[in-house]
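When you get a sec, could you build the whole thing from the sequences and use the hints?
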Amino acid sequence: MAPQPNGTAEAPIEVSAIPTVVGINFGNSYASIAEGSADCIANEDGERQIACAVSFHGEEVYIGNQAKHQLVKNAHNTITGFRNLLGKKFSEIPSDKLLVSAPVIEHPEQPDVPAYKVQVLQAAPTPLLKTATNTPAASNAATPRSEPTPAERIFTVSEVTTIFLKSLIQSAEDFLGKKVQGAVISIPAWFEDTQRAALEKAAEDAGVKVLQLLEEAGAVAVATASSPGLNQDRTQLVVDLGSSALELSLLSIRQGLAFSLATLSDPTVGGDAIDGKLIKHFAKEFTKKTKTPLTVSPATEAQDKRAEAKLRLAVEHTKRTLSASPGAATCSVESLKDGLDFTGTITRLRFDMEVRTVYDTVYARVKELAERANVDLYDIDEIVYVGGSASLPGLDETLSQGFQESVVTPFTAGTVFGGGVGDPTAILARGCAVQANLVAMLAEGTEEEREVKSAFASGSKWTQAKATSKTVGMLFPEENAEGLLGGQWVPAVLKDTPVPCRRTSRFDVDLGEGGGEKRVGFEVWEVKEGVKIENVKPPKDEDNVPPEEGEEEEEEEEIEVKEKTLEKDALLTSLVFAAKEAKKNGGRWTTAIDVQFVVDDQGGLEISAWEIGPSGRGEKTTVNVPAL
Amino acid sequence: MANVIKLPVVPLPLPAAWNPPTSSGKSISPLVERRLLPAGPAYLAYVKRTVHNLTFEEHDKHTEDERKR
Ligand SMILES: Nc1ncnc2c1ncn2[C@@H]1O[C@H](COP(=O)(O)OP(=O)(O)OP(=O)(O)O)[C@@H](O)[C@H]1O
Ligand SMILES: [Mg+2]
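Chains L and C, in that order, are what the protein sequence lines are. Position one of the first sequence corresponds to residue 993 (the numbering used here), numbered consecutively onward. Position one of the second sequence corresponds to residue 7 (the numbering used here), numbered consecutively onward.
Among the clues, some could well be false.
[Stated by the list, open to error] Here are the simulated DMTMM-like cross-link-like pairs (lysine to aspartate or glutamate), alpha carbons at most 20 Å apart as the crow flies:
# : chain 1 : residue 1 : chain 2 : residue 2
1 : L       : K1280     : C       : E64
2 : C       : K12       : L       : D1500
3 : L       : K1612     : C       : E64
4 : C       : K67       : L       : E1441
5 : C       : K67       : L       : D1592
6 : L       : K1359     : L       : D1373
7 : C       : K54       : L       : D1373
8 : C       : K12       : L       : D1586
9 : C       : K32       : L       : D1592
[Said to hold, decoys possible] Ranges between beta-carbon positions, derived for each pair:
#  : chain 1 : residue 1 : chain 2 : residue 2 : range
10 : C       : E70       : L       : S1029     : 42 to 52 Å
11 : L       : E1036     : C       : P14       : 20 to 30 Å
12 : L       : S1398     : C       : S29       : 51 to 61 Å
13 : C       : S29       : L       : K1170     : 27 to 37 Å
14 : C       : P21       : L       : D1352     : 48 to 58 Å
15 : C       : P14       : L       : S1461     : 21 to 31 Å
No lab work stands behind these hints, which were simulated from the structure alone. Even glycine gets a Cβ: it sits at the ideal position worked out from N, Cα and C.
Have a look at this one:
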């Protein structure tokens, strides 16, 4: 059946036909928003990481980082942490949660709906904010007054989310000078249907057309798909260290097609845990300098609690300085306690020491994840960092010890800062923006086009795919070959490749020195890949200072040396053809060939080869491996 | 278009005594079920091929035609 012509083809081509769409990274603590070219947009305060906080102060409503600052003096009217409560019933929310902001209450009129109660000053007679819920406040006062009146307002989690998203979109529209027509919003992997539905509703209420709710791992895969200098078939480790948790995913990326091999999360590490250690350090320093006792993280006394809130805000800057430059960073708080100001400094070395356990926990979790997926750390080609706390170089230094030297990270690539492809604070919004452009351009003229579009909706059946379980490739036998394989191994279809798939490679083949008939041939094998681990004694260090008298010579610790291994597993078939286009170069004959492997959805494999001549591909030789 | 990957390998001449082994009749190892991340142009292409029931060649042609328009 001939494919239907694209429904938009008849329409006249206009530039304005490209809709204005954005990508939104909606974290529990911070959000960011990116536009068409995938760059993050700064809000009117110049911030690209916008705190997910809404604060009511008299007649004012603060949103973003300004709202976060209200946590010191106006915590009870400041709402944070609402993303993670979306779609949840009041009774599902653990009551022991550390609450530094406006407490979560059960909505007085809507049973089991979580909400926040805040104090506002209501300007009479117009209500402060229009929301779906109207509390029996002074808003209905008949006579206008010149003085605003104190009032109590109730906002559901959804309403707060709507207020927040509206302001995000407003910032984007102010920046772009255009109306935003749609958005892709990132969601954590553990978001369930009710949470997805709640977010979608809150966004629609904010006037945002949701093009797709995209799992964070999907946003990462899109954002990193075209990283230059990396294999298109690779295993990628995503380390997301945000505020409240660590989220790990191991992804198989196959020419841009991605799926998760394993995921793991740990809520004990993250930016909040790092802050906890850092503020303890500074509190101690404060006490040492001023002889004023200060106990934080946790704090029990009201004064200490306020000091802790101030410190938590202040170390935000300290951490950013530390990750951006190798020098020391300061932390300054005016009137930290008893009217005493505080300024402390910390070096990166000291900082890394303080948060060592956080780094070590991440490393331990990474090893656990790899084990779960039955993958060795040496099989991982790339580490992608996501989340603000993953900007810290100490984390990368800790992790990279366990990986092969060639592992690519944004630190090795030099792309961690500046909002580009490797920036952990921008990557999710970037991925969502790229995805928004893709989804917004999908046609829906025909039945089939609508079907294709539906593949991006939650729970689409099209995400169900089959993938290969072993690597298949070519073995070019050679005389007196080194190693067990008996020749040159050229992998074609890696294990964990979704099918149907096609892999085409082009390379030269050495045909030797002699004249006469020449042939190109190879065997097709499935292989078993592994990693050999050997414990070896480190080489004796020549400059080693001899041990001092009486001191025992240190037992030399063995070091682990890893090496990738390959074993032939099953011969499938072979392919051979006569070379007609060989060229002599430096006394040797060589020719260029294309080899294509196609695996169909039943596991049938077709291998084709061509010799490349001056006018392109020559005769095609094909062999088949039966379907499963 | 078929994404042709240029490889830096140059296999050495075949041993004179090498004869292409006949097909073993074996298939590749069993396929496993996975859940794709619904994102990116590669996923779109995958879905298009499946929905329209296109081979890689047909899909190449389809894409080429669309590009020309
Ligand atoms: N440059 C930086 N260096 C170190 N830490 C940073 C940097 N930028 C942000 N952070 C920290 O990263 C954390 C926020 O990260 P992120 O925005 O990824 O969190 P989130 O996704 O909203 O939260 P979560 O995923 O935990 O729900 C905060 O603790 C913040 O202090
Ligand atoms: Mg996050």
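Status of the hints after comparison with the structure:
{"no.": "1", "hint": "L:K1280 x C:E64", "in the structure": "violated, 74 Å"}
{"no.": "2", "hint": "C:K12 x L:D1500", "in the structure": "holds, 9 Å"}
{"no.": "3", "hint": "L:K1612 x C:E64", "in the structure": "holds, 18 Å"}
{"no.": "4", "hint": "C:K67 x L:E1441", "in the structure": "holds, 17 Å"}
{"no.": "5", "hint": "C:K67 x L:D1592", "in the structure": "holds, 19 Å"}
{"no.": "6", "hint": "L:K1359 x L:D1373", "in the structure": "holds, 15 Å"}
{"no.": "7", "hint": "C:K54 x L:D1373", "in the structure": "violated, 29 Å"}
{"no.": "8", "hint": "C:K12 x L:D1586", "in the structure": "holds, 9 Å"}
{"no.": "9", "hint": "C:K32 x L:D1592", "in the structure": "holds, 15 Å"}
{"no.": "10", "hint": "C:E70 x L:S1029: 42 to 52 Å", "in the structure": "violated, 26 Å"}
{"no.": "11", "hint": "L:E1036 x C:P14: 20 to 30 Å", "in the structure": "violated, 51 Å"}
{"no.": "12", "hint": "L:S1398 x C:S29: 51 to 61 Å", "in the structure": "violated, 36 Å"}
{"no.": "13", "hint": "C:S29 x L:K1170: 27 to 37 Å", "in the structure": "violated, 60 Å"}
{"no.": "14", "hint": "C:P21 x L:D1352: 48 to 58 Å", "in the structure": "holds, 52 Å"}
{"no.": "15", "hint": "C:P14 x L:S1461: 21 to 31 Å", "in the structure": "holds, 28 Å"}
Of the numbered hints stated above, those contradicted by the structure are hints 1, 7, 10, 11, 12 and 13, listed in ascending order.
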